[in-house]
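*Asks:* Each chain, letter by letter, is given below.
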Amino acid sequence: MQKICILWWEAAVTQTVVWDVSIVLMVGLGAIFTWVALGADLAAANYGAAATSAYRLRGWLFAIAVLVLIGTNYKTLGEMPYVAGSAPQSAAPVQVSEVVGQQWAWTIKPNNFVAGQTAEFHVTSKDVNHGFALYDPDFAIVAQTQAMPGYTNILRYTFTKPGTYQVLCLEYCGVMHHEMKTEIQVAGH
Amino acid sequence: MTMEATAGRSAISPRAAVILTLAVTGVVLLLMMLLGLAMRLAQAQVIDVQPDLFYVIMTMHGAGMVGVAGLSGAAVMWHFVRRHVPVSTPVFLTNLVFFLIGAVLILASGFIGGFGAGWTFLFPLPAHSGELWSANAAAAYLLGLMIIGVGFLLLHLDIARGILSVYGGLGAALGVKQAFGMAPDSSGPPPAVTASTMVLIVNILGILLGAAVLIVSLVNLYVPSFAFNALAAKNMIYFFGHVFINATIYMAVIAVYEILPIYTRRPWKTNWAFYLGWVLSTVMVLTVYTHHLLMDFAMPTWALVAGQLISWLSGLPVLFVTAFGTLTIVYHSRMKWSPDAALVFVGVAGWAIGVIPAIADGTIAVNSVMHNTQWVPGHFHTYLLLGMVAMVLGFMTYLTHPQPRYGFVWVGFWAYVIGGTVFVFAFLLAGSESVPRRYAVHVAQWLPYDRIGSVGAALAATGVLILVVRFFASARSSAMAEDPAS
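So the sequences go chain by chain: G and R.
Taking our numbering, the leading residue of the first sequence gets 82, the next gets one more, and so forth.
Taking our numbering, the leading residue of the second sequence gets 283, the next gets one more, and so forth.
Please keep in mind that the hints were generated in silico from the structure rather than gathered at the bench.
Being a predicted model, the structure only gives us computed values, none of them experimental.
Where hints are given, some of them may not hold.
[To be verified] Sample of chain G residues at the chain R side, in silico, Cβ under 10 Å:
#1 Gln184
#2 Trp185
#3 Gly231
Note that beta-carbon positions come from the ideal geometry of N, C-alpha and C, so glycine has one too.
Let the sequences and hints guide you as you build the complete structure.
*Replies:* Right, here's the structure in full:
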């Protein structure tokens, strides 16, 4: 049971789970609106009583929502990516890489990493705002931070699988924004 | 004597002024939807649009949609709040004139000057064009926004004057005492006044901060040595942008409070929960904007944590006050659906449903892998296209009520709702697959989402076209009609 819970929490930040949970809630809410709309032409035997019941139901739903809010925020706020000044939790070596964005190219030194080791990207920009996003070999985002002029954002990520990763710009930065990409290599252990 | 009469007269009646504004809304909305469709078709590789033009279109689409949302939302708010407080028709029309002047400048900056820095003009991008646009083109855009902002500021100040003259204070007009049980519910202000008060509080602050960062950006265009902190500018831009676009929904929702009771023959219940929801929303709309900066690691961590927490909390009033109130008032009410009631009902549904992906994106752990993907336009189009715009279309239909031959209008309604739903889910699905937003050129594996989204966009635009054409068919006679409020 504990293992299942851990797996669920680990999966909670993946895009697939976000999509699944969102779609269920969105469709569910849409179904409630549809159900009420379809029954709008019916007559309530006693609107006052129905309204009282509805407000009682609202109280329960509100309580459930608050519990979900507290639980989800408690868990997710423990997984924040802000690491400036903190030591890596893993004992594995840290690979530091300097990243500079400039219309419309990335400079990443060094750009070779080892899976299982923690990479620490020091990300900045020479001109405008850019978005430093790591895409894994399956072309899914695994981590990102903004590249800002005048600031260095530290992004720490432990590559879990070897292969060719792509770096895309995710903050609109001008006419060649979509071409601002490069590759980094991640070797196996 | 009407409230209007106490605040001076205009050559054009208040009702005609509102309908004129909605006519401009209809035209701009359709044009901007066509620009949006063009972008989706270009991404789908159905039509060929060069990247420089794509980003101009993107900038115009964003600025135009935000502007017209503000304009139409203000029309809804002004139409209903003037039943309770004195407001000036000349000031309302001044806002329209300022909007049109600003719109001309913005369109010229893009389609003549080639300005394409995105509607958020993220500092210092306007001054870093890569030789694609001049400083003058960027200045035209920024000035255009500034002029539109001045018009809105005047309108909000006039409504504030009217509210203060009747209620004596913003707290009383917001229903603060009722919210905290210090006065009976029955003594509270009407919903239109409460909502308008919330909107003017947040929007006046938002517009002022927006004006400040516009001035900074303007100076930077011509004096590059004038340095300004990029993170501070980003905070100001997102504060202004978030507040302004959110306020459009809070303006438009007044149409729900006013139109649904007509058809359900039930009053909109304004109890302590209603007032508390609006008081809390006032605070949260002002403070939640940091969820736009969750990937700016240089921000203070407490501000980003607050951004997440307030994102979650701000969904509660929407879901448990407005959405629940809408469901309750409609439930078994023996109402017969007409297009205006159906549209405002859909508007609440779109708003409430859009809260879910918005909260997801406001969660730091999720934002790390979904920020600036198509999940973002997916969620905001859900509560804007299917929420705010639906409320405005409902208001347009309500004001220009057709004879009860609704057949063609229902075709437009369903095309809009079904097309809009397909359109937003294509965005959301693409976002969950890491497809970036704001890319002129898409790789092959992203094309299916673009093509599905294009079909949805075309269908939604067709539906809106039908609804807007019907509005124009009745607009002239409706503008001459006697306003029940007068």
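*Asks:* Against this structure, judge whether each hint is valid.
*Replies:* Hints and how they fare:
Of the supplied interface hints, the one on G:Gln184 holds, with its beta-carbon coming within about 6 Å of a beta-carbon of chain R, less than 10 Å. Nearest Cβ of chain R to the Cβ of G:Trp185: about 8 Å, under the 10 Å cut. The hint holds. Here the hint on G:Gly231 is kept, as its CB sits about 6 Å from the closest CB of chain R, short of 10 Å.
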